[in-house]
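J.: The residues making up each chain are set out below.
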Amino acid sequence: MSTQLEVTYDRQIESAVSEISNRLQYQYVLSKRAIALLLLQEDEDIIAMVKEKETNNYLKISRIIESTKQKYNRPLNYIISLSRQKKVDTIVEETMTKVQGKENRIADYLSRLTMNPLTGVPILLLVLYYGLYKFVGEFGAGTVVDFLEEHIFGVFINPWVNGVVQTYIPWTWLQDLLANDYGIITLGIRYAVAIILPIVGTFFLMFSIIEDSGYLPRLAMLVDRVFKKIGLNGRAVIPMTLGFGCDTMATMVSRTLETKRERVIATLLLALAIPCSAQLGVILALLSGAPGALGVWLAFIGFIFLLIGFLTTKILPGDKPSFYMEVPPLRLPKVSNVLTKTYTRMQWYFVEIVPLFILASLLIWFGNLTGLFGVVISWMQPIVNFIGLPDKAAEAFLFGFFRRDFGAAGLYDLQEAGLLSPRQLVVAAATLTLFVPCIAQFSMMLKERGVKTALAIAGFIFPFAFIAGWALNWVLITFKVLP
Amino acid sequence: MECCNTKQPWYKKISTTLLGTGNCHGEVNQATQGLEKIALVGSPNVGKSVLFNILTGAYVTVSNYPGTTVEVSRGKGKIGTKEYEIIDTPGMYSLLCITEEEKVTRDLLLRESPKAVVHVVDAKNLQRMLPLTLQMIEGDVPVILVLNIMDEAESLGLKIDLKKLEAELGIPVLSTVAALNKGIEVLKERIGEYVYAA
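Chains as they are written, first to last, in our numbering: chain A, 1 to 483; chain B, 1001 to 1198.
One or more hints might be untrue.
Stated by the list, open to error - Calculated pairs, DSSO-like style, for lysine-lysine (alpha carbon to alpha carbon, straight line, at most 30 Å):
no. : chain 1 : residue 1 : chain 2 : residue 2
1   : A       : K452      : A       : K229
2   : B       : K1164     : A       : K447
3   : B       : K1188     : A       : K334
4   : A       : K98       : B       : K1103
5   : B       : K1037     : A       : K98
6   : A       : K228      : B       : K1103
7   : A       : K86       : B       : K1078
8   : A       : K102      : B       : K1078
9   : A       : K98       : B       : K1076
10  : B       : K1182     : A       : K334
11  : B       : K1037     : A       : K32
12  : A       : K87       : B       : K1163
13  : A       : K60       : B       : K1076
14  : A       : K69       : B       : K1103
15  : A       : K32       : B       : K1159
16  : B       : K1159     : A       : K452
17  : A       : K53       : B       : K1164
18  : B       : K1182     : B       : K1082
19  : A       : K87       : B       : K1164
20  : B       : K1082     : A       : K87
21  : A       : K314      : A       : K260
22  : A       : K86       : A       : K102
23  : A       : K98       : B       : K1082
24  : B       : K1078     : A       : K32
25  : B       : K1159     : A       : K334
26  : A       : K86       : B       : K1103
27  : B       : K1164     : B       : K1182
28  : B       : K1164     : A       : K334
29  : A       : K98       : A       : K69
30  : B       : K1103     : A       : K87
31  : A       : K102      : B       : K1164
32  : A       : K260      : A       : K228
33  : A       : K102      : A       : K334
34  : B       : K1164     : A       : K51
35  : A       : K86       : B       : K1164
36  : A       : K260      : B       : K1103
37  : A       : K53       : B       : K1163
38  : B       : K1182     : A       : K447
39  : B       : K1103     : A       : K51
No wet-lab data here; the hints were simulated from the structure.
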C-alpha cells in the first residue's frame, strides 16, 4: 500500500502540533498528532483525558494551546476543519466527475411537496388519517381486536379455560389466579394477545414503511418552526414520533438530541403528552364511536403538549437549539426490511410485555385475595370521582401504573360494559394519556436522565394529569360540549 | 436473537426483563469474547447497520433516517476463514464529538482499538464525509473506506475513480450497494487482506 495521506495545516498550527506532540508522554490509541489537533480544537473529553494522564506537562500544553488561540481571530476548530475540508475538496475534485445523470424527478418533486407548509400539512394529515386512524385505529384496534376479543377469547379460550379450571381445580384461589375476571390467562394474556398485539403490530408495520421511505426527516423540516417555540428543534420529531410507537424506546432515542435541555424537554413531553401505540390504538377505537370525542381528546392533548413545551422553555435555562439535519432521499421501502423490522419490534415488545402483564395479573390476584386491591381502589376512587368518573374507572388507572397500554386496555373493558358516557370517556382517555409514564418508561428515564430529573418529571406529571383531567371535565360540563 | 446474554446476576436479568429496560431495544449482543474486532463507523444514515446485518447475519433495526442506531451492537462475522467481532456503532460526523451517541463511538475506538475500522460513507456526499477519513488517517486508525449507496451516486451522474482515491488517501477504498447486497464479497476480501497484512 502506498503511503498514507497527510494533511498539512498552516505553519502556526503545525508548529503548535509538533510542540504538543513532543510533550505528550503517554501512549494514546490515536496518534499524538491527532491528539494534539483535538486539543487545539478544544475537545472537552480529550482535554480531560490528557489532563489526567499528563499531570506534569498539562500546564505547558495548555499554554501552547492558549498562545496559538491568540494568533487567530476565529476558533481553532474552524481553522483546522477548514484546512481539512480544503484538502478533501481537492481530492474529490481530482477523483470525481459529474456527468449528466437521470435525476429522479418524481422523488424530488414529492420531497419538495412534503416540506412546503402549504402542501406538507395536508400530506401529514393524509398520512395520519390513512396510516394512523384508518389502518391502526379502525383496522388494528377495531376489526382485528374485535375478532380476537370476541370470537377467539370470548367464545373459545376464556370459556374453555374457565371450564377446565372449574372442573379440575377445587380451590377458588387457584381458579382465580388462572381464570375468571383477573386471571393470568383470562386477563393478562388476553390483554397482551387480543388487545395490545394487533394494535402494536399494525402500528409498527405502518411506522416501518414511513421510516424506510424517508418521510420523517422531511416532517422534521416541516415542524421545525413549531418545535422551536417549545424549545426543541426539528430533530426531536424522530423521538416524538417514535414515542407513538413506544415511549420507552423513544426516551432512549432522545439521546440523539444535542443539548441536555432539549433532552429533558423531550423526556418530559414523551412522558406527559405522547400516548404509545397501544394506548393510542385503544383510545382511537374507544373514541371513534362517540362523535366529537376524538376531536376533543386530540385538541386537549395537543394543547397540553404545546403549553407544557412552551412553559418549560421559559423555565429551563440553556441555549436555544440550532437545527441541522440531513435529509436522505425518499426511497421506496424494501418489503423484506419492513417485514423483518415489524417482526423484530413486535417480538421485542411482546417479550417485554408478557411477563409484565402476567406479573400485573399476579399482583391483582394477590391484592384481591388479601383485600389490598380493594383498599387501594378505594383510595383511588375519590381521585377518580374528582375528575367526574365512576368508581369502576379506578381499576383502569391502577392498571395504568403498571403500563400505559394495560391501563388503556382496562378502559376498553369499561367501555364494553357501557359504564362511561362520551364525556367521561374523553376525560378518562385524556387523563390516562397524561398520567404516569409506565414502569418501563420511568426506569428508562432514570437510566437516561438520572434520578433527580426522572423523579421531578414524575412528581410533576402525577398531580398535573388529574388537575388537567378535572379542568377538562369542568370545561366540557360548563360548555355542554359532550353528553 | 440473542439478547442480554451479558454476565448479569439472575435477579438483575429478571428485573430488567420485567421492567423492560434490558438493552434489547433493537440492538444485538452476541458472545464474541476473544475475537479480533472490526468496527463500522461513519456519519448517520449511510448504511452501517445494513452492512452489520449482512456481515453478521443478525438483525439490527435499519431505517431511512439519521440516528436509528443509538447503541453499539456486536455480532460474529466470518471473513475468509476467520471469525471476527463486528461492531455496529451510532453515527459520528467527526472525531470532535457533539452528541452523546457520537461520544459512544469515539470512546469505543479509543478503548477497544479495533483491528480494522471500516469507514462507511454515502458516495453522494464525499465532500462532507471524507474529513472524518482524514482525521482517522491522522490518528493512525487502521481505516478502510467504503463508498456505500453507490447506485444513487451513479444515477446522479457521479463517477468516482476508486483507484485514484485509493492512491491519494493511501488506504483501501471500495464501493458497495449494501441494501442490494452488492460489493460485499470484495469488501470481505479487502478486510481480510488488510487485517492479515497488519
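J.: Tell me, in ascending order, the numbers of any earlier hints that this structure violates.
T.: 2, 4, 5, 7, 8, 9, 13, 15, 16, 17, 20, 23, 24, 28, 29, 34, 37, 38
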